[in-house]
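Chains as they are written, first to last, in this note's numbering: chain A, 56 to 168; chain B, 243 to 352.
No lab work stands behind these hints: they were computed from the structure. All C-beta atoms in this analysis are idealised placements derived from N, C-alpha and C, irrespective of residue type, glycine included. There could be a bad hint or two in this list.
Claimed, not checked - If the Cβ cut is set under 8 Å, some of the chain B residues that face chain A in the computed set are:
| no. | residue |
| --- | --- |
| 1 | M257 |
| 2 | G258 |
| 3 | L283 |
| 4 | L287 |
| 5 | I290 |
| 6 | P303 |
| 7 | G305 |
| 8 | Y306 |
| 9 | A339 |
| 10 | Q341 |
| 11 | G344 |
| 12 | G346 |
Said to hold, decoys possible - Computed footprint of chain B on chain A, listed as stretches where at least three residues anywhere in the stretch have a Cβ under 8 Å from a Cβ of chain B:
| no. | region |
| --- | --- |
| 13 | 136–149 |
| 14 | 158–164 |
As the list claims (entries may be wrong) - Which residues of chain B face chain A? A few of them, derived with a C-beta cut under 7 Å, are:
| no. | residue |
| --- | --- |
| 15 | G284 |
| 16 | L285 |
| 17 | W337 |
| 18 | P345 |
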Amino acid sequence: QQKVQQSPESLTVSEGAMASLNCTFSDRSSDNFRWYRQHSGKGLEVLVSIFSDGEKEEGSFTAHLNRASLHVFLHIREPQPSDSALYLCAVMNTGGLSGKLTFGEGTQVTVIS
Amino acid sequence: DMKVTQMPRYLIKRMGENVLLECGQDMSHETMYWYRQDPGLGLQLIYISYDVDSNSEGDIPKGYRVSRKKREHFSLILDSAKTNQTSVYFCASSWYAEQFFGPGTRLTVL
Numbered sequence: 056q057q058k059v060q061q062s063p064e065s066l067t068v069s070e071g072a073m074a075s076l077n078c079t080f081s082d083r084s085s086d087n088f089r090w091y092r093q094h095s096g097k098g099l100e101v102l103v104s105i106f107s108d109g110e111k112e113e114g115s116f117t118a119h120l121n122r123a124s125l126h127v128f129l130h131i132r133e134p135q136p137s138d139s140a141l142y143l144c145a146v147m148n149t150g151g152l153s154g155k156l157t158f159g160e161g162t163q164v165t166v167i168s
Numbered sequence: 243d244m245k246v247t248q249m250p251r252y253l254i255k256r257m258g259e260n261v262l263l264e265c266g267q268d269m270s271h272e273t274m275y276w277y278r279q280d281p282g283l284g285l286q287l288i289y290i291s292y293d294v295d296s297n298s299e300g301d302i303p304k305g306y307r308v309s310r311k312k313r314e315h316f317s318l319i320l321d322s323a324k325t326n327q328t329s330v331y332f333c334a335s336s337w338y339a340e341q342f343f344g345p346g347t348r349l350t351v352l
């Protein structure tokens, strides 16, 4: 069964500094990866989806996938206090059970001025 | 604009009472999901529905059942709710591999 783990559990960064989040997964057949942001008490907002090794940029968010090492990273460029939220990594094997996303536990990001 | 709705948004029930959570989508998506979110555990999949009356257990189905009689509606039912079912419940629908999430229902079982 797919296992997805995120680190660190929480992260405090200064406004404008780069923030880097890590996600590891266990199923090498996984082929669909995404990062979500969840502000406190709110729903999930998809930030970036990535399907092949390398990088994908969406605004100030960049996902970096390395399937050989079973890692997918999220970099937040010049974070603002409004980026303070829970960040969730989700992984899917589209060849398996249809549309099943497995989530990590999340990284709580706090951006301070 | 693709939209998933959930009702109610907040619910307080006593242990042993029945609970009905409703989810709707206006995109004619075939596949819909129910998840629960607990602190430190991310989102856990309860049930998947592939279309009307075509439902499949997810990772944590015990204590829950679902109903899908129309493509646009997917219900989560807790028969005799337990305190450990206190959680935030999210519904989602999918188009190809992209999932669209509702705003969540915060359920408290006392």
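Right, here's what the structure says about each hint:
1. At its closest, the beta carbon of B/M257 sits 24 Å from a beta carbon of chain A; the interface hint therefore is violated under the 8 Å criterion.
2. Interface restraint check for B/G258: the shortest CB-CB distance to chain A comes to about 28 Å, outside 8 Å, so the restraint is violated.
3. A distance limit of 8 Å between C-beta atoms decides the matter here; for B/L283 the minimum to chain A is near 6 Å, and the interface restraint holds.
4. Here the hint on B/L287 is kept, as its CB sits about 6 Å from the closest CB of chain A, short of 8 Å.
5. With 8 Å as the threshold, the beta carbon of B/I290 comes within range of chain A, its nearest partner Cβ sitting at about 7 Å, so the hint holds.
6. Look at B/P303: its Cβ only gets to about 13 Å from chain A, farther than 8 Å, so that hint breaks.
7. Because the smallest distance between the Cβ of B/G305 and any Cβ of chain A comes to about 20 Å, over 8 Å, the interface hint for this residue is violated.
8. Interface hint status for B/Y306: violated, as the beta-carbon distance to the closest one in chain A is roughly 16 Å, over 8 Å.
9. The beta carbon of B/A339 comes within 5 Å of a beta carbon in chain A, closer than 8 Å, and the hint placing it at the interface holds.
10. Satisfaction of the interface hint for B/Q341 is found here, the shortest Cβ-Cβ separation to chain A being roughly 6 Å, below the 8 Å cut-off.
11. The restraint placing B/G344 at the interface with chain A holds, with a minimum CB-CB distance near 6 Å, inside the 8 Å limit.
12. Evaluation of the B/G346 hint against chain A yields a held restraint, the C-beta minimum of about 6 Å falling below 8 Å.
13. Beta-carbon proximity to chain B at under 8 Å applies to 4 residues in the region 136–149 of chain A; the threshold of 3 is reached and the given coverage holds.
14. Counting residues of the region 158–164 of chain A whose CB lies closer than 8 Å to any CB of chain B gives 4, which reaches the minimum of 3, so the coverage claim holds.
15. At its closest, the beta carbon of B/G284 sits 4 Å from a beta carbon of chain A; the interface hint therefore holds under the 7 Å criterion.
16. At about 4 Å, the closest approach between the beta carbon of B/L285 and any beta carbon in chain A falls short of 7 Å, and the interface hint on this residue holds.
17. Below 7 Å, beta-carbon pairs count as interface contacts, and B/W337 has none with chain A, the closest being about 10 Å; its hint is therefore violated.
18. With 7 Å as the threshold, the beta carbon of B/P345 comes within range of chain A, its nearest partner Cβ sitting at about 4 Å, so the hint holds.
When each numbered hint is compared with the structure, violations occur for hints 1, 2, 6, 7, 8, 17.
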